[in-house]
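Given the sequences, and given the hints that come with them, work out the whole structure.
The lines below spell out each chain.
There are 2 protein chains.
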Amino acid sequence: MEDPEIASLLEANLKFYEAFSTLDIEAMDHVWEPSDRTRCMHPGWPLITGWQEVRQSWDNIFNNTTMMHFIITEAHPVIEGDIGWVDCIENVTSLVDGRAASFAARSTNIFAKSGDRWLMVHHHASP
Amino acid sequence: MEDPEIASLLEANLKFYEAFSTLDIEAMDHVWEPSDRTRCMHPGWPLITGWQEVRQSWDNIFNNTTMMHFIITEAHPVIEGDIGWVDCIENVTSLVDGRAASFAARSTNIFAKSGDRWLMVHHHASP
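Chains as they are written, first to last, in my numbering: chain A, 1 to 127; chain B, 1 to 127.
Treat the hints with care, since some could be wrong.
[To be verified] To give an idea of the chain B side of the interface with chain A (calculated C-beta under 10 Å), a few residues:
no., residue
1, E80
2, G81
3, I83
4, V96
5, A112
No lab work stands behind these hints: they were computed from the structure.
Backbone N, C-alpha and C fix where the C-beta goes; we use that ideal spot for every residue, glycine too.
Right, dumping it as structure tokens:
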């Protein structure tokens, strides 16, 4: 059986992609740590820092996106104390600003434990 | 004054780029945690996992590189318990396989505390 801590970290990682694929900003609110230390690096974007700006970036993305579908592969979790990180491959099919695209991105996601939940503090995705 | 823990994390981050720019595999030995959980994502390369393979990748890079110069900017450190991470911009000038290049990469580097040292466990660089 999988370690329950590892399973909950992997679940938090999948919840992020679920919020992304349902274009649901309130689900994103539950995924991220609402703190100044959050950092988000969308492929090809400038760095976004702090939850307020990170949230605004998701709002902008969701407003311009018709469809976003993820298949997450090769997810690899590590936990040390109250920090966990997952790297994975995002296999993406999207319809953004009327343009359809299929591509793979590599992602490093860092989570911090808050009570019994893992909250995202750092997202770095690259082509 | 800067927090001494933050200063030592930032120093570990710079030691990594120093080892990279001096093409010094023994310096890399001192930068990385020699464990199976180390993961390394060079821009455009497949994922490399575990210290043995990570070390081999540096050896290969160093053997094909004549010159590598970094200016690190916008380094941003976070510490939580025995884990620290730094994201930064790598402003790179290089001569690899006889080809000169200047480019910027964005990097997420994760370090684990070992005694009084921070050792790299995860490096993700992207264009």
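For each hint, the structure was consulted:
no.: 1; hint: E80; result: 5 Å, holds
no.: 2; hint: G81; result: 4 Å, holds
no.: 3; hint: I83; result: 4 Å, holds
no.: 4; hint: V96; result: 19 Å, violated
no.: 5; hint: A112; result: 6 Å, holds
Comparing the model with each numbered hint stated earlier shows that hint 4 is the single one that does not hold.
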